Amino acid sequence: MDHLKAMLKRRKVGHSLEGDFYHSQAILDIELKAIFEKEWVFVGNSSEIPNPGDYITATVGRNSVILLKKKSGEISAFLNSCRHRGSLICLGKKGHSNQLVCPYHQWTYDEDGALVHAGEMPADFDPENHFLKSVSLQNMSGMLYVCISKNPPDFEEFRKQVEPYIAPHQPFRCKVAYEESIVEEANWKLVIENNRECYHCAGSHPELTFSLTAFAMPDDPRADGFFTELMPRMAKKWQELGLPHKPVPGGDKFRCIRLPFINDALSMTIDGSLASRKLLGDLKDANLGSARMFHVPGNWNHFGSDYILHASVTPISADKTLLTTKWLVHEDAVEGWDYDVKHLARVWQATNEQDSTLAANNHLGTRSVGYEPGPYAESEFMLTDFTNWYGGMMEKYIEGEDEK
Amino acid sequence: MDHLKAMLKRRKVGHSLEGDFYHSQAILDIELKAIFEKEWVFVGNSSEIPNPGDYITATVGRNSVILLKKKSGEISAFLNSCRHRGSLICLGKKGHSNQLVCPYHQWTYDEDGALVHAGEMPADFDPENHFLKSVSLQNMSGMLYVCISKNPPDFEEFRKQVEPYIAPHQPFRCKVAYEESIVEEANWKLVIENNRECYHCAGSHPELTFSLTAFAMPDDPRADGFFTELMPRMAKKWQELGLPHKPVPGGDKFRCIRLPFINDALSMTIDGSLASRKLLGDLKDANLGSARMFHVPGNWNHFGSDYILHASVTPISADKTLLTTKWLVHEDAVEGWDYDVKHLARVWQATNEQDSTLAANNHLGTRSVGYEPGPYAESEFMLTDFTNWYGGMMEKYIEGEDEK
Amino acid sequence: MDHLKAMLKRRKVGHSLEGDFYHSQAILDIELKAIFEKEWVFVGNSSEIPNPGDYITATVGRNSVILLKKKSGEISAFLNSCRHRGSLICLGKKGHSNQLVCPYHQWTYDEDGALVHAGEMPADFDPENHFLKSVSLQNMSGMLYVCISKNPPDFEEFRKQVEPYIAPHQPFRCKVAYEESIVEEANWKLVIENNRECYHCAGSHPELTFSLTAFAMPDDPRADGFFTELMPRMAKKWQELGLPHKPVPGGDKFRCIRLPFINDALSMTIDGSLASRKLLGDLKDANLGSARMFHVPGNWNHFGSDYILHASVTPISADKTLLTTKWLVHEDAVEGWDYDVKHLARVWQATNEQDSTLAANNHLGTRSVGYEPGPYAESEFMLTDFTNWYGGMMEKYIEGEDEK
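Chains as they are written, first to last, in our numbering: chain A, 1 to 404; chain B, 405 to 808; chain C, 809 to 1212.
These aren't lab readings, by the way, just hints derived from the structure by calculation.
From a predicted model like this one, the values you see are computed outputs, not experimental measurements.
Backbone N, C-alpha and C fix where the C-beta goes; we use that ideal spot for every residue, glycine too.
Don't take every hint at face value.
[To be verified] If you want the ones that stay clear, here's a sample from chain A, every Cβ over 12 Å from chain B, calculated:
(1) D110
(2) P164
(3) E229
(4) S273
[To be verified] Using 25 Å as the maximum straight-line C-alpha spacing, the simulated DSS-like pairs for lysine-lysine come out as follows:
(5) C:K817 <-> A:K5
(6) B:K416 <-> A:K133
(7) B:K475 <-> B:K416
(8) B:K437 <-> C:K813
[What the hints assert, rightly or not] Chain A regions said to be covered by chain C (calculated; three or more residues, Cβ under 8 Å):
(9) 198-208
(10) 316-330
Take the sequences, apply the hints, and build the full model.
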């Protein structure tokens, strides 16, 4: 703990973190509590559980969480741990059940988490003390966020700023067309740092950079003639369509912006052609670029005219990270007619694999005695945000522990 | 250590253990010393080493142990670590050798562990100081128990109580017809807790519950008409045959009882038919139900009229456990004529796989911040015994360490 | 740390080490700093990078190192960690590039490690503060040694003593004909201890002992009539050819000696026949036995008349070790004509596999409570050197830490 405090104290703003932050299992164990169990964490999309009884599970730090659609249309969120002896209740990624029945001893909970059946218990057993533990949930146009903490941080500023950008894409009226999880051989923070800059894009992502501009701001000083012509033209169009586009003031916790695609691309596909002929929500114009969104600790999302991409990062250990990616299309889009899964998924599958290699090599290199925190490039300003936020969360947690 | 003490102090009797007991590698490291190197641990059957020079190896905590049949018919038990540079001496699960020869530098020990050859040693080398280290051994009708500790706990009460139940099955006159090891993704205590109750049987073990009654006591209050008729009828028969059946007073350390099978089953097989036509020992009546036996820390045994099942649990790490299962039939039973291995092994193979899944999901769920020790059902009274015994052993060890 | 100090203090000279030295990950973490980042470590052969721009990478403890041939013919040695965010720069085992370009963000270093390109950096960024970190390098007749420490220990005594033995084999005029890495399930010190004695050879290495004598000294008291006749005859020949052969006074840090082969073998091959018809350097006589060399912490080499064997040991964790072996022949030898890779590699491939099994069983056995440090045989005198050197390095490191 003293070592962690000292490292936080000497942390240089605008620089990558000291090596132990990326390699110490003891620090990861603290991060699970200090970050993943304190923050709002993206867990999925309401359109994944359209009908009462549908549920999905998601991992938040070391916790499995159940998201269950209720008869009323509301969504319950529970910690996936039976109140008897702690077994996981829902085992797979998704399912359907009118009640939550633990597979171990058939303890049964209703859609509100109330224990409605527990066999062979002694006379003094009180079911009311053994309801499922619920967690805080926020639903923003179908984007589901969960907070494990009993005192969740504010969510409303995020909603106020960001919802106008994504609401037109109607995430709640989508379906998951494809989903993929990969294990990266890198610390979760290196996976995020990799994602938070496009400084590396030109050298590594030929598929992605057909459509995506490396510029993360409308007034990027590196912008060429093409972009300086394109940006105001698209901005005008968005304004006419009522689509907000300017960067939101999210500080170091979240980010949202709408930017055009390059190469006349309509979608983040290998050739810029649409991934789905059925546009999202009530959109009529296919040529809209995309809204890009990020929220600490670990999820990024892209909202195009035709598909939405969700990516979530979960630490497995100090040197392994799970990346789960979902591709969503309009709920009425027909596979084989409106969209082809291979075409839809190809760009981000390739990009994820490339990033996985970059992060793994970054991880290995930071073990060296030769590694010391290096300075971020100007286009890596989001990494400064991320490491500042990270340092603050860790310091805050340690202060809280010290006061105990 | 302070954390462990605090957890032991606040442990609630009749409840599962706090999560760290199931997930901390530091606690497992202590358990190896406090439990597996203090208690009598079941290591195999004398019938596995019928002839002089036959040996088997077994794992007791972090120690490999050699059981060697001597010319006199007695059995030696040694720690499997050469006194030269510590290599394993016997490498496989079983073998035959008139002397124990270390494969590294051919140091050679006789059947009593005396060092009879060590090449190239200096003049002042004293072989007598480098004999194999023996460990305490008990042989109960062929059931072999080893204790690593120099001050083994009492064994005689166990022998006095339990031997009359198993002697009629003559374990010493058997042979291993089939043997299987699986690695479970769960803490060893969750594997034991799973085994110590049949509350989960109806929901998970269709093969096992064809023959095995979920009732662990003759006067189980849940017993239906069928069982209340069956039990006294069988008890009368056992009494006539001289087979004891009442639960022994083993406290929280061991357990033995004889119970009938249901569905007119003769054996724990998929359809209740005999697994081996050659009955065990001198038994004449195939319809005897079975004697069930358990001894801390981690082995359970079933003694039927036709086969014996041995199961042993060895921790690999905090989250991995080795389960070794052996199926024994009469030494004169002929494979293909008296018994078929698939038929013999099917029920417990299936049951072990099912239990492995249950324990793994239990393990995962107890990582959650939502997990807190839950109350045992009435039919889980053996888990109360187990956790009480466990808590006591750990407290005793810590006291001993504190006094040092 | 107190436990480590106590173990070092009670270490018995001439005995193997206490079990925790072989099993504690905390001790390995210290060894990486105390030993692998303090000593000269063998990393390869200059003949592996014959042309300007050729590079190889090697692992020194937890560090990847780049060895790059410069235009001048000199060799640069760098820590393989980009000064931007720490990524590995060179990814494979070997390659060719006129500049070192980090694959992450294309930071580019020249052959002296100077940063010559870094895009998008802010105005106050000073490239001169972000040159690659170089490490000390020694080239002894083509044998490359690297030291991570800023205060490397003396190398000149080693060079003075050993170079005359190996120079006639001209390692700098070779090529790697075959290369192989295996992961051994044993602590790195057990891998070294295994290598430092041939007490186990007769029982385990039928292929190796066709040519290699188990005697490590010319005056081995165990020598039989054959060897006592052979040794002076070969010594006379070596003297005539100007090939030194007596054991060098390397203390506990290094060793070099020339010894004859037995069975009229010309080379360490399955039948003693030459592995390569093209002799090394300017050697004319094929019947020369071999020079054997060792340098702490973990590499051994054999120099025959026809091929050179390099073996290097790198710890992966307390219980896993990487062994990299390279077989070198004359640079002009033609595969298929002068040498056949299978014939060349067979003896040491088999020997490495056999040693890997021995070390793994040694590792497992030293976990036992029955294990205590055992006495070395007379022919294991090099293990006394190794453990003495090891103990000294660890004590020195701890003293240095205590003074901080």
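Hints versus structure:
Under the 12 Å C-beta cut-off, the non-interface status given to D110 of chain A relative to chain B holds; the minimum distance is some 17 Å. P164 of chain A, annotated as away from the interface, keeps every beta carbon of chain B farther than 12 Å; the closest lies near 34 Å. Against chain B, the non-interface label of E229 of chain A holds: every CB pair exceeds 12 Å, the least being about 53 Å. S273 of chain A, annotated as away from the interface, keeps every beta carbon of chain B farther than 12 Å; the closest lies near 42 Å.
Our distance criterion of 25 Å between C-alpha atoms is broken by K817 of chain C and K5 of chain A, whose separation comes to about 33 Å. Between the alpha carbons of K416 of chain B and K133 of chain A the distance comes to roughly 20 Å, so the proposed pair stays at or under 25 Å and holds. For a cut-off of 25 Å, the pair hint linking K475 of chain B to K416 of chain B is broken: about 52 Å separates their Cα positions. Straight-line distance between C-alpha atoms of K437 of chain B and K813 of chain C comes to about 22 Å, which keeps the hinted pair within the 25 Å bound.
Check on the stretch 198-208 of chain A: 4 of its residues sit with their Cβ under 8 Å from a Cβ of chain C, so the three-residue criterion for coverage holds. Closer than 8 Å: that is the beta-carbon criterion, and the stretch 316-330 of chain A has 0 residues meeting it against chain C, so the requirement of 3 is violated.
In summary, the numbered hints that this structure violates are 5, 7 and 10.
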